[in-house]
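Engineer: Single-letter residue listing:
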Amino acid sequence: MKVRIEQRGGFAGKLAVGERDLNDLTPAQRAALDKLVRSSPPPSPPTHIHPLRYRITITDHSGTRTVDVPEDQMPDELTSIPEIEL
Amino acid sequence: MLAHHDDHHHRSCGCCFIVPPRVLRDISRDTSLDIGVRKKLQETFAETNRLKVMREAGRIATLMQARSIAPKLAETTPQEQIFDCKHTQNLPGKPIGNPQSAGEAASTVFNITRQVADFYRSVLGRNSVDGEGMDLVSSLHYRQHFDNAFWNGQQMVYGDGDGSVFTEFYNSPDVIGHELTHGVTQHESGLRYEGEPGALNESISDVFGSVFHQWLEKWPAANSDGWLIGAGIMGPKSLAKKYTCLRDMLDPGASHCLSPQPGSYDNFDPAGDVHENSGIPNRAFALFAQAVGGNAWDQAIKVWYDACTQRHLSSGATFSEFKAATLEAAAAAGVQQQAAAAWKAVNVP
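Keeping their order, the protein sequence lines are chains A and B. To convert, take the position in the first sequence, counting from 1, and add 923; that gives our numbering. To convert, take the position in the second sequence, counting from 1, and add 350; that gives our numbering.
Okay, chain A solo, but in the shape it has when bound (with noise of 0.2 Å):
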């Protein structure tokens, strides 16, 4: 069971990603990322110029569910997990 966070946009325009296991996650982030998918926030316009944007990917026993997450919705528990790659 894991999650999948990509994010794209902002002022450098790169790709991060970053997986983890469902487990694996701090109780905040867990905590976090069920409030998110529960209210599943709908989509808005962005607030500013070159906005971060968030695509988050559960895969459970349930099976996979995608929620895209503007980035004045996103918690701050969660921006740390996806990482730019060089």
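Hints are not guaranteed to be accurate.
Taking lysine to aspartate or glutamate pairs in the EDC-like style, the calculated list, with each CA pair at most 16 Å apart, reads [to be verified]:
1. A:K925 with A:E942
2. A:K937 with B:D512
3. A:K925 with A:D944
4. A:K958 with A:D995
5. A:K937 with A:E1006
6. A:K925 with A:D957
7. B:K587 with A:E1006
8. A:K937 with A:E1008
9. B:K587 with A:E1008
10. A:K958 with A:D991
11. B:K591 with A:E1008
12. A:K958 with A:E1000
13. B:K436 with A:D999
14. B:K694 with B:D616
15. B:K592 with A:E1008
16. B:K444 with B:E430
17. B:K568 with B:D648
18. B:K694 with B:E671
These are calculated hints, taken from the structure and not from any lab test.
Guided by the hints, dock chain B onto chain A, whose structure is given.
Structural biologist: Then chain B, alone, in the frame of chain A:
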């Protein structure tokens, strides 16, 4: 096909909203339609709202400035205001009373922002981002390890970077100049942040940001250091991999770029990020400035500023339309040959 109504005079007709946004929304809820079609309708509906928000942000930013019914007796000098977000998303954050003695971050942003205002005034005759002396507000330490900096229609916001790939985003003067120039573009052509106009929006910010940095360091156009974007924000991991900058306007595809870009319209990617395709007009300007010679702030940047502000650039301008505007401006300045050669080198039709 959706189109966009343009408030400015423009050389090619921008489009008008033929289908009202609420109709898009209502149709997208029709379950008898293919899911792919419904998704597209939803995306288009979201995009129209994005455009409205961006325009409204610009309109509000303009209206927020105090307007007197009496003629101005003296020009307003912009004040630099610095705030600390304390690693939250709250904007603008806590005011920093005396930024020049409040640590390196506050003093750097305060001083460089003031110098950007000086650059616009002394080189281009422009009084601040809006042309009317609006105060320049900057917020530092936005969120945690935030790999971004942005202009939100009213102010600047800087992240501290992740500390590995990127350092603090105010560490490069060109980045500060870049972001404030988004505000200038907002008050001028209002280039839409997508496709070719979006890439132009990004390029114009790189152009003015880089020339501001050159002006600050007194680097002539021939100095290749002056064409690097984001050299100061490269973190230790980036430097260890031999990346010296985020972008290189003179050599957009160079291996030392953390974000290589195309340098020719032949490689324009219609699905590409606006920060990718901006490499094409970036290279055109860098070649133009070097062909003109001397310092880019003496003549080349003034041609580009003329094109951005005096040639009725549409918010939906294409590369070709922007090229035409710069050629007009260059002709007025007696350097059309250099401009034509630069655009030819990047194959913009």
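Engineer: If a hint holds in the structure, say so; if it doesn't, say that too.
Structural biologist: Taking the hints in turn, this is what the structure says about them:
no.	hint	verdict
1	A:K925 with A:E942	7 Å, holds
2	A:K937 with B:D512	13 Å, holds
3	A:K925 with A:D944	4 Å, holds
4	A:K958 with A:D995	15 Å, holds
5	A:K937 with A:E1006	10 Å, holds
6	A:K925 with A:D957	13 Å, holds
7	B:K587 with A:E1006	12 Å, holds
8	A:K937 with A:E1008	9 Å, holds
9	B:K587 with A:E1008	10 Å, holds
10	A:K958 with A:D991	14 Å, holds
11	B:K591 with A:E1008	11 Å, holds
12	A:K958 with A:E1000	12 Å, holds
13	B:K436 with A:D999	13 Å, holds
14	B:K694 with B:D616	11 Å, holds
15	B:K592 with A:E1008	14 Å, holds
16	B:K444 with B:E430	14 Å, holds
17	B:K568 with B:D648	11 Å, holds
18	B:K694 with B:E671	14 Å, holds
The structure is consistent with each of the numbered hints, conforming to all of them.
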